[in-house]
Each structure stands twice: as structure tokens, then as C-alpha cells.
Amino acid sequence: MREYLLTLCITAAVTYLLTGPVRKFAIVAGAMPEIRARDVHREPTPRLGGIAMFFGLCAGLLVADHLTNLSEVFEKSNEPRALLSGAALIWLIGVLDDKFEIDALIKLGGQMIAAGVMVVQGLTILWIPLPGVGTVALTQWQGTLLTVALVVITINAVNFVDGLDGLAAGMVCIAAAAFFMYAYRIWYSYGIEAAAPASLFAAILMGMCLGFLPHNMHPARIFMGDSGSMLIGLVLAAGAISVTGQVDPDVMKLFSGSERNAVHQMVPVYIPLLMPLTIIAIPAADLILAIVRRTWRGQSPFAADRGHLHHRLLEIGHSHSRAVLIMYFFSALIAFGALAYSVNAASMWIVLGVVFLSAIGLVLLLLPRFTPRAPRWAERFVPPRYRRHRSAVPAGETAVAEDEAAEEERVPVAAGVSGVNGATAVEPRSRTR
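My numbering applies: residue 1 is where the sequence shown begins, and numbers increase by one.
These are calculated hints, taken from the structure and not from any lab test.
One or more hints might be untrue.
Unchecked claim - What follows is a set of in silico ranges between Cβ atoms, one per label pair, in the way DEER data are often shown:
| # | residue 1 | residue 2 | range |
| --- | --- | --- | --- |
| 1 | LEU289 | ILE106 | 24 to 30 Å |
| 2 | THR295 | TRP377 | 53 to 59 Å |
| 3 | MET112 | LEU289 | 22 to 28 Å |
| 4 | PRO375 | LYS76 | 28 to 34 Å |
| 5 | LEU105 | MET348 | 47 to 53 Å |
| 6 | GLU193 | GLU315 | 21 to 27 Å |
All of these numbers come straight from a predicted model, not from anything done at the bench.
For glycine and all other residues, C-beta sits at the position ideal for the given N, C-alpha and C.
Could you put together the complete structure from these sequences and hints?
Here you go:
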């Protein structure tokens, strides 16, 4: 565990330290688009944050290769090299798109090629456990098609949700934490070495997101762009593919009896990782709803609009920060609820806890204008909007200022301009000047 924590910290530190210089480079390079009609930020903001995240990934893999226990992952498996190859390709495509805005079909093809590069080097789904059937071995073509599909869907699901400051990085970090806990449990508790690469990928992914978040929280100083969103989507999918498609469930020997019965009873354990969209259910739901909404209107599935879940939260009155926190809450509820259910599916307390927390989340959704106030002793530690007493500004002027600020925040941006925040991975953008 200490080596995983060291890898995570090194990855986070490198990503954090490089994001500042990358921001300056993005401004000089002109990767600072204007505001689009569907964007929620008010000022042009540089992107290319994926450059810092990619070098954080490289630093994490390099450090892990020189640690005593984690170095065995590189000796016994080719998956880290496969991940680095696919990540380098998808990152390069994202950088080119952030700067030159390449065609949507080229990006989609690049995603498929990156997934194919990982498959060629051994990072692929070999078998899947099915309830009532057992472990089903896949042919080479079946495994390749399923792996490519999972990578492409996960990349675009993550990119669809990248519409608010800190939203995509935070939600992927939550998903990576759930991945790490599950994969580490398989590797450490049951001694299955095949789960070690997935644990490493999840730890590095958490470091990438945690290192970038301080620069990306509202108001964001830099966006990750397609170079970052496609990168973290690919790493997340790679971890899920590794732990799901290459760890034989019967090796764990959790249950007595036939392999068919074992897999049948282990369905709650493997469902969250068989499809990574179960962990990132919020962006996956957003992706599906966007496709249905746009095709119903006769538009392209990749046409941009302001109908995403985070846009809806803003429209009903939630602030930018509160909308992000609500999305965090539901992502954590789904991810860690599935994780807890996989550990002990027979416990009714887990189900009751998920139901109770879901009710709390529903209340939060229905109270968009509720502003909590901190107690007097904690006022110096919280933002001004949460303080009960404000001596600097009269109460009447403060209320007027708050109303004017809220009204200004809800004013839509004029249509016909272009930007980056919230762009999909396969969505074309209008070129900037």
C-alpha cells in the first residue's frame, strides 16, 4: 500500500507542478478559445491541461517501475506498456484537437486505433463471467471488439460530462478510488497477481486527477481539454478491462461447488467492473440521454447543446459549485454503493444505506436556493456567502449584490461563438480566430 501511495503522490505532484507552466504555454500557443453559447464560464480560459496530466502518468509509471513490489508488475505483465502506448496516441490526438480542432471522425478513428494498440500489446478482455453460464472465453475478434467498444464509450462518456469546472476530474477520481479499492482487494486479499496492474492504473489515475483539480476548480484557471478528458477516460477503461477481462473469477475460489455456481454467486462482485459505465453511471446516463435527445430532434448525436445534466442543475437554480458537488455526491453513491454491494451482497444495511443517501441527494436537488450559513466561530474559514454577519457591507446592499450576481450568472451567452468547455470527444468545434 505504501508504494501505491507513493506512486499516487508523485503523480499528483508532477501534474500539479506542471499545470502552471502548461497554462502559460497554452496562452502563448493560442489554445484559449472564445466562449460558446452552451459554455458556463464567463471568460476565455486556456486548455491543454492534458499535457500536465500525461506527464504525471509517465512519472507515475516511471516511479512504479523502480519500486520493489510494483516493479514486478512490469516484469510479469505487458499491460503498463500497453497503457502508455495507447495513452500517448490518444493524448497526441487530443493535443492536436485542442490546438487545431481536428475532424470528429478523425478523433473517433484515433480512439479506436489507441484501443487497438492496447489490444495488440495484450491489454484486452479474454473472458467474461456471465450469471448462470460461467466464465465465457472470448475469441480474439470478440475480445478486440468488446475492448475497443468499452474504450470508446468510456472516453466519450467522460468527455460528455466535462462541462463544469472540476466536474470530470472529480468524478473520474471518485471512480478511480472505487476501482483501486476493488482491485487492491483482489490482489492483496486473494493473492491474484493479475489484478496488480489495475491497482496501479487506478492509483496513477487518482494522482492525475488530484494534481489537476486545484487548477480546475471553479473558477477554473485552465481546462483539461480533449487531451485530458480522453486521456483519463482511456486510463479508466484500461483499469476496468485489466481487472475484469484478465482475472479468472474461479481462481478466487470464494465459493465451493462448480465454476458455474461460483460465477453465478459472484455476479454482484463483477458487474461493477465488467462494464465501467456502472461505475461512471452519471456520465454514461448523460451520454445516452444526449444521443436520444439529439436524434429525437433530428440532429446529429454529436451536435452541441445545453441539455446536459450539469446544465439542468444550473437552470433550476443551483450555483456552479453546488452543481458540481451534487454530481460528485451521486457519483460517489453509485460507485461506492456498488463496491460495498460487491463485498457483501447479502447485507440489507447496504441497500438501506444507499436508499437513505439517495433520499438525501433528492432533497439537495429540490433545494437549489438553500444557502447554508456557518456558525459564528467558523465564519473566518468559509467563503463570504456562507457567513451570517458581514460588517464590511450593509445587509441591504449585500442582498442586492447577491441578487445581481445571481442574475448575471444566469444570463445566457450570446450564440455563435466557440469554446472548449464541455466539448465531446468526437464533436466538431468551430475554429477560433
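Here is how each hint holds up against the structure:
1. LEU289 <-> ILE106: 24 to 30 Å: holds (26 Å)
2. THR295 <-> TRP377: 53 to 59 Å: holds (54 Å)
3. MET112 <-> LEU289: 22 to 28 Å: For MET112 and LEU289 the Cβ distance comes to about 24 Å; the hint holds.
4. PRO375 <-> LYS76: 28 to 34 Å: Given range 28 to 34 Å: violated, Cβ gap about 54 Å.
5. LEU105 <-> MET348: 47 to 53 Å: Once the Cβ atoms are compared, 49 Å apart, the range 47 to 53 Å for MET348 and LEU105 holds.
6. GLU193 <-> GLU315: 21 to 27 Å: violated (49 Å)
In the structure shown, a violation is registered for the earlier hints numbered 4, 6, in ascending order.
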